[in-house]
Amino acid sequence: MSDGTPVLQIRGLTCHFGGLTAVDRFDVDVNQGEIVSLVGPNGAGKTTVFNLISGILKPIAGSVQLLGRELVRQPAHRITHHGIARTFQNIRVFPQLTVRENILLGTHHWTRSGMLGSVTFWPGTLRAERAAQAEVLTAIDLFRERLEARLDDPAFSLSYANRRRTEIARALAARPKLLLLDEPAAGMNPYERIEMAGLIRSMRDRGLTIFLIEHHMPLVMEISDRVVVMDHGAKIAEGLPKEVRSNPRVVEAYLGRRAASA
Amino acid sequence: MSAHVADAEPVHWLKRFWESGPYEWNRALTKPQVLFSLLIVASAVPFVLQYVEDNSAWTGAEFWIRILTTCAMYACLAVALNLVVGYAGLLNLGFIAFFAIGSYAYALVASDQLHHHLPLWSALVTVVAVTLGFALLVGIPSLRLRGDYLAIVTLAFGLIIREITIDLDRPPVLAGHQFGPSDFNLTGGTAGIHMVDPLQLPPWVPLIHGAALQSRTYYWIFLGFLAISVFCLLRWRGARTGRAWVAIREDELAARAMGVNTFKYRLLAFCTSAVMAGIVGLIDAAYIHNAFPGSFDIQGTVLVFIMVVLGGLGSIPGSIVGATLVTILPFVLQQLVLYKYVVFSIVLIVLMIFRPQGLLGIVSIRPRAAMGGTVELLTAESAIEASELPAVTDRDAADLESASGAIVAPEPKP
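Protein chains in written order, with numbering that gives the first Met the number 0: chain H, 0 to 261; chain V, 0 to 413.
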């Protein structure tokens with residue numbers, strides 16, 4: 000899958016919250032067509048790394064490059080424009096918008112349609128709106144049977160798993176080069192989790208590069224091309240799933256020193 | 000009629016409509032054809048009242064047309080406020096100031112105050128430019144703030160504008176230095192500006208009958224502006240701009256992560272709503288022939304807020320229904336004299352307890368439990384920061400997690 004060109008390059012990323020170092024000189028490369036998982040105990044700084052990549056938080060040092068373009072110090076909405084879309088750990092769909100409108104929000108950054116255009120029925124604006132509507136159907140392609148019937152229902156009426164799917168469809172509609180998934184399988188039952196694993200793989204097969212945070216280890220082991228382990232804000236291990244699994248530092252981070260030496 | 004026949008019998012459409020709930024009512028009433036029919040009905044009301052007066056002993060046509068004109072004016076304001084509060088979720092407590100600025104801007108260019116009598120179109124351009132200028136002045140620094148701070152800044156702005164309109168009947172004095180000549184009088188002080196020109200409509204506009212002074216003409220003008228506003232709002236709501244506004248209201252952080260330039264879209268909503276209020280101010284100044292500071296105190300903002308919240312945040316038909324109820328109810332309750340406002344307040348309080356979303360709304364003004372108790376109107380951002388920061392430091396949760404077994408199991412040593 001991977002052709003080895005780095006899509007995302009993070010170097011020396013550091014972020015403090017008051018006296019606490021949330022992310023400490025973090026480095027990672029994510030290559031084209033790879034699924035890379037970021038794992039670590041709770042509070043290791045995984046979500047903070049995602050927030051730093053997507054521009055919601057600003058690092059105090061370090062660089063984040065997407066296809067060679069520096070993203071640090073760019074506002075969050077510009078970062079989406081450069082090709083990063085993300086989902087959130089605690090699902091953040093827009094509850095009062097319909098599923099369709101939620102997914103249309105993903106097309107926001109690449110459609111050109113203004114206020115004057117929409118009240119004057121300007122042809123360019125109508126074209127842009129039609130292109131956005133068509134993109135909705137492309138974006139739900141992978142879970143069509145789950146969402147198609149619900150497209151015009153408000154998102155607050157959806158089941159938990161369907162909200163996740165909506166959020167992923169919204170991210171796909173943004174036509175990203177890199178997709179950040181923050182715990183995509185959290186709160187899902189085993190069947191939905193298997194479905195999610197298949198979904199992540201098929202997104203990769205369509206050429207997307209995926210960087211994800213996940214707690215459910217069997218899922219991580221199954222789908223990841225590479226695994227990066229964080230603890231206390233720093234990277235403690237990186238490698239193929241099975242290498243990481245037996246790394247003593249990883250075991251120590253999860254279970255404590257005694258378990259590791261036992 | 001036997002039971003199995005009753006099963007197949009179609010439910011009356013009114014009953015079905017009633018049972019479908021506010022979400023569907025709002026959807027049904029927001030349909031263009033429904034709104035257009037309502038517009039036609041509303042435009043015909045003066046004729047009906049006139050006809051009834053001509054053919055009976057009743058003589059209230061002019062009185063009720065005046066009330067309806069006020070009603071149409073407040074509907075315009077409520078729809079404009081709904082854009083900024085209901086769609087974009089910005090708590091603009093200085094809203095009425097933009098109405099005042101529009102009124103005064105028109106009064107200054109179309110009265111003897113400054114001896115200018117601009118024709119309608121150039122007066123309109125002036126009013127739009129002036130209100131837009133003030134909206135940018137307030138919006139650019141304050142829209143970077145979070146919801147509650149924005150409310151404070153706009154509230155202060157509303158109060159300042161009112162004080163300015165009262166005090167600028169004499170030259171401003173700062174640190175002992177007087178700016179301008181001693182006979183400087185811009186706003187006419189507490190008395191306001193009188194003898195403002197009525198609107199000079201071109202002769203081809205129908206239903207004018209020469210004189211533009213009849214209140215029913217202004218009723219139709221307000222109604223026309225309301226129709227234009229509603230049309231624009233519905234077009235925007237169905238397109239990229241309106242989606243971005245509602246997304247910012249619903250979840251600012253997620254909107255930013257989807258590439259919405261939140262500052263730009265908040266500013267757009269704020270300025271559009273301000274300009275709409277300014278134009279309503281222009282029409283109102285021409286209608287009542289003066290611009291008077293008493294109409295623009297904080298109560299004005301509160302009144303329009305009541306209309307919008309009563310009708311339902313984010314619902315266009317709701318705003319119109321709210322404006323109608325709030326303007327007409329006091330007249331209907333006229334017999335209760337002093338008690339009418341007590342009755343009115345009780346009705347409002349009861350309604351807000353049992354239906355915090357408003358009559359046709361879907362957004363609750365109550366704290367949303369799922370968002371950690373933040374008020375929906377205030378942005379969700381504070382909730383995110385509160386929920387994410389502890390997660391970083393929370394070692395107890397990590398221990399719980401390891402105990403639950405959702406972790407890497409150590410490989411058995413060979």
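Since the hints were made in silico from the structure, they are not lab data.
Just so you know, these numbers come straight off a predicted model, no measurement behind them.
Possibly wrong hints are sitting among the right ones.
Stated by the list, open to error - No farther apart than 30 Å at their CA atoms in a straight line, the calculated lysine-lysine pairs in the DSS-like style are these:
(1) V/K14 to V/K30
(2) V/K14 to H/K176
(3) V/K263 to H/K57
(4) H/K241 to H/K176
(5) H/K176 to H/K57
(6) V/K263 to V/K30
(message) Between the alpha carbons of H/K241 and H/K176, is the straight-line distance 30 Å or under?
(response) Holds, at roughly 27 Å.
(request) Measure nothing beyond the straight line between the CA atoms of V/K263 and V/K30; if it is 30 Å or shorter, mark the hint as holding. (result) Between V/K263 and V/K30 the Cα gap is close to 29 Å, so the pair holds against 30 Å.
(message) Check the hint pairing V/K263 with H/K57 against an upper bound of 30 Å on the C-alpha distance.
(response) This hinted pair holds, its Cα atoms lying about 20 Å apart.
(message) Against the 30 Å threshold, does the CA-CA distance of V/K14 and V/K30 hold or violate the hint?
(response) holds (19 Å)
(request) Would you mind confirming whether the straight-line C-alpha gap from V/K14 to H/K176 stays at or under 30 Å? (result) violated (51 Å)
(request) Could you grab the alpha-carbon distance between H/K176 and H/K57 and see if it respects the 30 Å cut-off? (result) With a Cα-Cα distance of about 21 Å, the restraint between H/K176 and H/K57 holds, given a limit of 30 Å.
Hint compliance for this structure: hint 2 alone is broken.
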